[in-house]
Amino acid sequence: MELTVELVSAACMLAALLAYVLLAGADFGAGIWDLLATGPRRQLQRDVLAHSVAPIWDTNHVWLILVVVILLTGFPSAFSAIMTALRVPVTIALLGIVARGSAFVFRSYSHGNASQQRWGSLFSIASVVTPIMLGVVLGTIASGALRWDGDTYISGFFAPWCAPFPWAVGAFAVAIFAFLAATYVCVELLGRSQIDPAVQEDFRRRALVAAAAVGVAAAVTWLLARSGAPAIERNLSGQWWKWPLQIATAAAAIGAIASLVRRRYVLARTCAVIQVTLIVGGFGAALFPFLVVPDFTIASSAAPPVTHRLLLAAIGLGALLLLPSLYVLFRVFKGRRAFAVIDEE
Amino acid sequence: MVGFGVWMLAVGVWFALAAWRSGAVPIGRRLLKTIVITAPMGFIAIEAGWIVTEVGRQPWIIYGVMRTADAVTPMPGLITPLITFSLVFLLLGTVVTALLVQQVRKVR
Numbered sequence: 002m003e004l005t006v007e008l009v010s011a012a013c014m015l016a017a018l019l020a021y022v023l024l025a026g027a028d029f030g031a032g033i034w035d036l037l038a039t040g041p042r043r044q045l046q047r048d049v050l051a052h053s054v055a056p057i058w059d060t061n062h063v064w065l066i067l068v069v070v071i072l073l074t075g076f077p078s079a080f081s082a083i084m085t086a087l088r089v090p091v092t093i094a095l096l097g098i099v100a101r102g103s104a105f106v107f108r109s110y111s112h113g114n115a116s117q118q119r120w121g122s123l124f125s126i127a128s129v130v131t132p133i134m135l136g137v138v139l140g141t142i143a144s145g146a147l148r149w150d151g152d153t154y155i156s157g158f159f160a161p162w163c164a165p166f167p168w169a170v171g172a173f174a175v176a177i178f179a180f181l182a183a184t185y186v187c188v189e190l191l192g193r194s195q196i197d198p199a200v201q202e203d204f205r206r207r208a209l210v211a212a213a214a215v216g217v218a219a220a221v222t223w224l225l226a227r228s229g230a231p232a233i234e235r236n237l238s239g240q241w242w243k244w245p246l247q248i249a250t251a252a253a254a255i256g257a258i259a260s261l262v263r264r265r266y267v268l269a270r271t272c273a274v275i276q277v278t279l280i281v282g283g284f285g286a287a288l289f290p291f292l293v294v295p296d297f298t299i300a301s302s303a304a305p306p307v308t309h310r311l312l313l314a315a316i317g318l319g320a321l322l323l324l325p326s327l328y329v330l331f332r333v334f335k336g337r338r339a340f341a342v343i344d345e346e
Numbered sequence: 078m079v080g081f082g083v084w085m086l087a088v089g090v091w092f093a094l095a096a097w098r099s100g101a102v103p104i105g106r107r108l109l110k111t112i113v114i115t116a117p118m119g120f121i122a123i124e125a126g127w128i129v130t131e132v133g134r135q136p137w138i139i140y141g142v143m144r145t146a147d148a149v150t151p152m153p154g155l156i157t158p159l160i161t162f163s164l165v166f167l168l169l170g171t172v173v174t175a176l177l178v179q180q181v182r183k184v185r
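Residue numbers (the working numbering), protein chains in the order written: chain L, 2 to 346; chain R, 78 to 185.
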């Protein structure tokens, strides 16, 4: 395999997707737990969730924008295929993102319980629908059902994504986002003695349930991939890294669960981040060399090398500005545990 | 659009001069009334600017390179997203207006 500029761009795109899943994913997860808030501490749970996401969730969308911009600039024909043939799920995801953002703001500015509840439910429903649709899009491009004959999208605008495999990936995304959110909130509540410690226990239980849901969703997606994404299945079967990757992911998952059981929340978060990194990385590796199976590969849909060189220069310069800003943002709003890896004794 | 721009610039200068002369935030009735009239002009100028570039460029989507007719998506039923997005904008606009009115009432 030769290292080409378009390969570097594709790697940047995968890294941005990973950052989006790890950061914005948790914000979607907060909305999911807002929908599922139950018990006597329901309102307190919602307040904690809103407080956790409020300072950062707008910023976290920068990663999705980066994914879309790299795809548009670097791989225009693959961009065109995804945005045209998957117009329906992409539009629903877009509407969900808009509804979520505005409902969150409207909720905090509106008076009266009734209208706050109305915006609250729009926020939380959009938080479930959007990740499902994003997962459906990723599932469809991996499935091989989206077909382009060089002139038209012969598979139509509904058939490719109205299949079990894309929806399984959608459910997988929801489970991952809920798992990340619950784990992050447990860390968030460390050392906050003014908040009822029972809330932390609520989220610990939620994180454990979500961890189990991630396992189930992963297994279902895996089983459905045989018929639902045969190219991916074939692609994976001959690779030496298939089993090491599976074992490492499972080990991270077990590590996260064990840490949650022992209330070592920072370590649990570290394991969860490793687990999700391996899942997203595994998805990218399984998809390689395709962007949209089977008609668009990284090489076949790539813009001319000069475009990629300019794109990479722009990403590099942008990173010089963005990464320190993000560091400060998280350090200010998330405190000294923002980048901690293991629990303090 | 250009007229509004010059007008807003002039009102800005007027305000600055009045503030500099009085050494405080100016509260002259004529100036305040003018500012109220000027308030929506920025929005109108922005919209006018968009209309100039978008409508003025037709029939090209990228001037001299690609026609709008050649750029349109092959997807049928484009009326559905048009109606959907129009409704979304209408709804968001209504809610923002209602919330602003509510905020102003609360202050008074």
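Worth flagging that the hints you see were computed from the coordinates, not collected in a lab.
Everything numeric in this text was worked out from a predicted model, so none of it was measured.
Please note that the accuracy of each hint is not assured.
Part of the chain L face toward chain R, derived, beta carbon under 8 Å [stated by the list, open to error]:
| no. | residue |
| --- | --- |
| 1 | Thr85 |
| 2 | Ser111 |
| 3 | His112 |
| 4 | Asn114 |
| 5 | Tyr328 |
Ideal Cβ positions, reconstructed from N, Cα and C, are used throughout, including at glycine.
So, going through the hints one by one against the coordinates:
{"no.": "1", "hint": "Thr85", "result": "holds, 5 Å"}
{"no.": "2", "hint": "Ser111", "result": "holds, 7 Å"}
{"no.": "3", "hint": "His112", "result": "holds, 7 Å"}
{"no.": "4", "hint": "Asn114", "result": "violated, 15 Å"}
{"no.": "5", "hint": "Tyr328", "result": "violated, 33 Å"}
Of the numbered hints stated above, those contradicted by the structure are hints 4 and 5, listed in ascending order.
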